Amino acid sequence: MFSRRKVLGVGFKAKGLSVDRLSVLVMFSWQYLLMAFLACLGIVQLAAARSGRRHLWLLRRRRATRLLGVVLVVGGIALFYLLPLWMAGPWGLGQVDGSATWATASLQSLTAARNINDTAGGLSGHWQALWVSLAWIAAVFFARAVGRIGNLTGAEDRPPDQEKRVLADVTAGEQR
Amino acid sequence: MSGDETVFRWLNDLAGQSNVFDGFIRLVISDYLIPFIATLAVAWLWFAGRREEETGRFQHAALHGLVALGLSQLAVALINIAVGRPRPFEQLPDVTVLFYEPINSSFPAHPIATIFALGVVVWMVHRWLGTLVLALGLLLGIGRIVAGLWFPTDVLGGIAIGALSAWLGGLVLGRLAGAEAFIRRKTASLGLE
Numbered sequence: 001m002f003s004r005r006k007v008l009g010v011g012f013k014a015k016g017l018s019v020d021r022l023s024v025l026v027m028f029s030w031q032y033l034l035m036a037f038l039a040c041l042g043i044v045q046l047a048a049a050r051s052g053r054r055h056l057w058l059l060r061r062r063r064a065t066r067l068l069g070v071v072l073v074v075g076g077i078a079l080f081y082l083l084p085l086w087m088a089g090p091w092g093l094g095q096v097d098g099s100a101t102w103a104t105a106s107l108q109s110l111t112a113a114r115n116i117n118d119t120a121g122g123l124s125g126h127w128q129a130l131w132v133s134l135a136w137i138a139a140v141f142f143a144r145a146v147g148r149i150g151n152l153t154g155a156e157d158r159p160p161d162q163e164k165r166v167l168a169d170v171t172a173g174e175q176r
Numbered sequence: 001m002s003g004d005e006t007v008f009r010w011l012n013d014l015a016g017q018s019n020v021f022d023g024f025i026r027l028v029i030s031d032y033l034i035p036f037i038a039t040l041a042v043a044w045l046w047f048a049g050r051r052e053e054e055t056g057r058f059q060h061a062a063l064h065g066l067v068a069l070g071l072s073q074l075a076v077a078l079i080n081i082a083v084g085r086p087r088p089f090e091q092l093p094d095v096t097v098l099f100y101e102p103i104n105s106s107f108p109a110h111p112i113a114t115i116f117a118l119g120v121v122v123w124m125v126h127r128w129l130g131t132l133v134l135a136l137g138l139l140l141g142i143g144r145i146v147a148g149l150w151f152p153t154d155v156l157g158g159i160a161i162g163a164l165s166a167w168l169g170g171l172v173l174g175r176l177a178g179a180e181a182f183i184r185r186k187t188a189s190l191g192l193e
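Quick mapping for you: the protein sequence lines, in order, are chains A and B. Just so you know, this note's numbering puts 48 at position 48 of the first sequence, and the rest follows in order with no gaps. Just so you know, this note's numbering puts 4 at position 4 of the second sequence, and the rest follows in order with no gaps.
Warning: the hint list may mix true and false statements.
[As the list claims (entries may be wrong)] Which bits of chain A does chain B cover? Going by a derived footprint, with three or more residues having C-beta under 8 Å, they are:
{"hint": "1", "region": "37–48"}
{"hint": "2", "region": "53–61"}
{"hint": "3", "region": "65–71"}
{"hint": "4", "region": "74–85"}
{"hint": "5", "region": "101–114"}
{"hint": "6", "region": "133–145"}
[As the list claims (entries may be wrong)] Under 10 Å between C-beta atoms, here's a sample of chain A residues computed to sit facing chain B:
{"hint": "7", "residue": "Tyr-32"}
{"hint": "8", "residue": "Gly-122"}
{"hint": "9", "residue": "Leu-123"}
{"hint": "10", "residue": "Gly-125"}
{"hint": "11", "residue": "Gly-150"}
Because the hints were derived from the structure by calculation, they are not lab data. From a predicted model like this one, the values you see are computed outputs, not experimental measurements. A virtual CB, placed ideally from N, CA and C, is assigned to each residue, including glycine.
Whole structure, please, built from the sequences with the hints as guidance.
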């Protein structure tokens, strides 16, 4: 069997330290966990805004909660993929081995920066499953704790259709 | 040249033509983007139900997604041991590779099996969200063929395993009604329903 191939890579911005797997894994893990927490918190907000579960809302208005959800999901993912622009790491095409260097990514190499093999410190599916599960639990309990403070100050759970009926009654009362 | 290789060549020849296109492909084939979005879609189901009936259906689907996910991982692991197909860049000359070079079996496409197992379950209860997840899964599959990592039949195999896992997951969860009721009771007692 033969293997002739062209690997299209992008160079590192600066040459520096050599890379070891454990330091890549640790750095990758906390950055992934941060993304997962923010995105999970956003998903909780989007879901709770839809269903009217006010005890999970971080903000008091449905529209603001929904908007916050979108910002957290998009922002969490964007932060993860943009972070290599400012933070040094083994960025490049992902072929992190003994010859890889520790540096910030350039705009040109940004989309490849997170493509790092498990064998070189990238996250395997099992690690990802673990971090996402932890992030989901943390996000739900965080939202519940903040939502509880909101409930103490007057907000309460109310199904959306009931809420609409109440709103319609109030509007009709005002017109009368 | 087989049909599989012909389609592979046709797609892989798109790589290396444009920096913008290559950059886009590198992003969509990331290990952390589309599989993560598929997971978020299933997580969304837990709290998204508006009425009691919808909440029950959505939460059942979220648990169904977890079972289907487990079954798809098991199926992929077993097939990997049995098949062990080399990657296109290991088998063919002049393959353009846009990603790191994985060392596991090319068949079946593991992330595709995962995403389709979740996507089919989501689609069963929420059509547009499920369609979005399945479309993203397809994009990942095509992207990784372009990047020289999979043959088209690897992707098709992943889709079949994912769909089969979703179907089997439904049957398994049907037999675990007691466990499902227990989980929902426990989450309700924690105020997480």
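Discussion item. Under 10 Å is the threshold here; is the Cβ of Gly-122(A) close enough to any Cβ of chain B for the hint to stand?
Written reply: Status holds, d = 7 Å.
Discussion item. Verify this for me: three or more residues of the region 133–145 of chain A with a beta carbon less than 8 Å from a beta carbon of chain B.
Written reply: holds (count 3)
Discussion item. When I compare C-beta atoms, does the region 65–71 of chain A have three or more residues closer than 8 Å to chain B?
Written reply: That given contact is violated, which follows from only 0 residues of the region 65–71 of chain A lying within Cβ reach (below 8 Å) of chain B.
Discussion item. Can you confirm whether chain B covers the region 53–61 of chain A, using C-beta to C-beta distances below 8 Å and requiring at least three such residues?
Written reply: Since three or more residues must qualify, the claim that chain B covers the region 53–61 of chain A holds, with 3 doing so at under 8 Å.
Practice prompt. Between the region 101–114 of chain A and chain B, see if three or more residues pass the 8 Å beta-carbon test, and mark the coverage as holds or violated.
Written response: holds (count 5)
Fill in: Outcome, coverage of the region 37–48 of chain A by chain B - at least 3 residues whose beta-carbon is closer than 8 Å to one in that chain
Coverage by chain B holds for the region 37–48 of chain A (7 residues, Cβ < 8 Å).
Fill in: Agreement of hint Tyr-32(A) with chain B interface, Cβ distance less than 10 Å
Cβ of Tyr-32(A) sits 7 Å from chain B, so the hint holds.
Worksheet item: Given Leu-123(A) was flagged as interface, is its beta-carbon under 10 Å from a beta-carbon of chain B?
Response: The hint holds - Leu-123(A) has a Cβ within 10 Å of chain B, the shortest such distance being about 7 Å.
Discussion item. Tell me if the interface restraint on Gly-150(A) is satisfied: Cβ within less than 10 Å of some Cβ in chain B.
Written reply: Status violated, d = 14 Å.
Practice prompt. Examine the region 74–85 of chain A: at least three residues should have C-beta closer than 8 Å to a C-beta of chain B.
Written response: holds (count 3)
Item to complete: Using Cβ atoms only, decide whether Gly-125(A) comes closer than 10 Å to chain B, and label the hint accordingly.
Response: Constraint on Gly-125(A) satisfied, holds at 7 Å.
The structure is inconsistent with the numbered hints 3, 11, although it conforms to all the rest.
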